[in-house]
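Those protein sequences? They're chains B and V, same order as listed. The first sequence begins at 93 in the working numbering and counts up one residue at a time. The second sequence begins at 891 in the working numbering and counts up one residue at a time.
Simulated from the structure, these hints should not be mistaken for lab results. Virtual Cβ for every residue (Gly too), placed ideally from N, Cα, C. Some hints could be false.
[Stated by the list, open to error] Sample of chain V residues at the chain B side, in silico, Cβ under 10 Å:
1. Gly925
2. Val928
3. Tyr929
[Stated by the list, open to error] Computed spacing ranges between beta-carbons, pair by pair:
4. B:Thr321 x V:Gly910: 54 to 60 Å
5. B:Ser283 x V:Val966: 50 to 56 Å
6. B:Ser106 x V:Lys900: 22 to 28 Å
7. V:Val954 x B:Ser106: 17 to 23 Å
8. B:Ala320 x V:Ser955: 29 to 35 Å
9. B:Arg381 x V:Glu923: 30 to 36 Å
10. B:Tyr243 x V:Val966: 55 to 61 Å
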Amino acid sequence: MVDFGGWDMPVQYSSLIEEHKAVRERVGVFDVSHMGEIEIRGPEALRLVDHVATNSASKLKIGQAQYSGLLYPHGGFVDDILVHKVADDHFFLCVNASNQDKDYEHIAQHDYFDCIVENAGPRFAQIAIQGPKALATLQKLTPAELAPIKYYWFTDNEVCGTPARIARTGYTGEDGLEIYIAPEEAARIWSAILAAGEEFGIKPAGLGARNTLRLEAKMALYGHEIDATITPWEADLAWIVKLDKGDFIGREALVKQKEQGITRRLIGFEMRGRGIGRDGYEVYIDGARAGWVTSGGPSPTLNKNIGLCYLPINQSEPGRVIHVMVRNQPVEAVTVPTPFYKRAK
Amino acid sequence: MYPENFRYTKEHEWVSTEGGTGTIGITDHAQKELGDIVYVDLPKVGTVIEKGKTLGSVESVKAVSDIYSPVSGEVVAVNEILTSSPEKLNEDPHGAAWLVKIKLSSPGETSDLMSAADYQKYAGEE
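Just chain B, with the same shape it has in the complex:
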């Protein structure tokens, strides 16, 4: 168990590689109750969400979710979030655990629209069921028809006889579901999911596998690929920015940076030499320091050592030979297109 922002969380239950493969090949279950939730209610809830978030919440239909960013006025990330539209006057945000209080204050501070903003983390536990057998597993425990729920849609129903928000979302690059439930029901539901998935070879999976899975799928982790100093353009997240939706916090800075052009960009790499590039390691090109590794490690699916790094924009094309400094030794790597892993549909 490790301390993760005040939560005791397992890095692995059995073997990280086994847990990782269970999610890719069968089904794995994650206790992600540490994730934060923020509720926004009121007749002008949509205007507040569109004011603080980069993606266009106006495009959401009821029951639909979207990945989005909260930015500071200078264009750096406060957090990356999932926005769920529960009703015309009700949005439900899933945010990073360690950013929850900061996010809440940021949103409440910019609430010029008389909304009710609630830091709702304590009211929700969250369990992620991920992998090709995720739907078959949870289907045994809910009357909701899961197959018709489209990717990035959700439904409010029941799991094990208790109210649950069931979303077809995830942080693994695999098909799957994330459910939001009352904390007092979480232990019972966790056990029921493990029992329901037994026939499929379900495994409980920890933070370690969650990290290798999301890295293969090139999903950003706050504090690594994104933080207050990084903009969505640099992080290769232009697709969550809708400049044409009207004003929002950070828009002006993003417009300016787009005009001027970015100087650095997130890019994937694969190690060629012996050694593993890890978070924070320096990257050199032609003997000069060029950037740094945001996340890196072995990929259990690909059997390669992979990673993401920031490099100068004019040196960030795929196929470039770089050197990652591994304990003061330069080890050869090559930049590659991402994601590293994409599931077959």
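Following the hints, complete the assembly by docking chain V onto the known chain B.
Just chain V now, kept in the frame of chain B:
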């Protein structure tokens, strides 16, 4: 679990001495804590190392851990199996997956290391 004829460090290495040469490895407790081991970095034969100094490193999927030498001396053999099959460290840390052999320069150095019984207690309490 922990061989009686080995001596153990607080950093979870073991050493087994015979005829002035020490064989060094990491303990079963260490491999369990590290999880799936994917890379082992060891010194070259001929390297002279001091007790307590970094001998190399072991990497699991999740993290890197330094290995500290339990003895001083010259590296006379390196376990090449670990280059191609680092996962052997998870399977047989006290046997086939030894790391290096060191020609001891101060054979008395092992006297302050832990016995198997003491180490078992230490690892269990950690």
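Each hint tested on the structure:
The beta carbon of Gly925 of chain V comes within 5 Å of a beta carbon in chain B, closer than 10 Å, and the hint placing it at the interface holds. Here the hint on Val928 of chain V is kept, as its CB sits about 5 Å from the closest CB of chain B, short of 10 Å. Taking 10 Å as the C-beta cut-off, the interface hint given for Tyr929 of chain V holds, the closest approach to chain B being about 6 Å. Distance hint check for Thr321 of chain B and Gly910 of chain V: the Cβ-Cβ separation is about 56 Å, which falls inside the suggested range of 54 to 60 Å.
A C-beta distance of roughly 54 Å is found between Ser283 of chain B and Val966 of chain V, which places it inside the suggested range of 50 to 56 Å. For the pair Ser106 of chain B and Lys900 of chain V, the beta carbons lie near 27 Å from each other, so the given range of 22 to 28 Å is met. Range check, Val954 of chain V to Ser106 of chain B: Cβ separation about 21 Å, and the 17 to 23 Å hint holds. For the hinted restraint 29 to 35 Å between Ala320 of chain B and Ser955 of chain V, the CB-CB distance of approximately 31 Å keeps it satisfied.
Judged by the Cβ atoms, the range 30 to 36 Å given for Arg381 of chain B and Glu923 of chain V holds: they are separated by roughly 33 Å. Judged by the Cβ atoms, the range 55 to 61 Å given for Tyr243 of chain B and Val966 of chain V holds: they are separated by roughly 58 Å.
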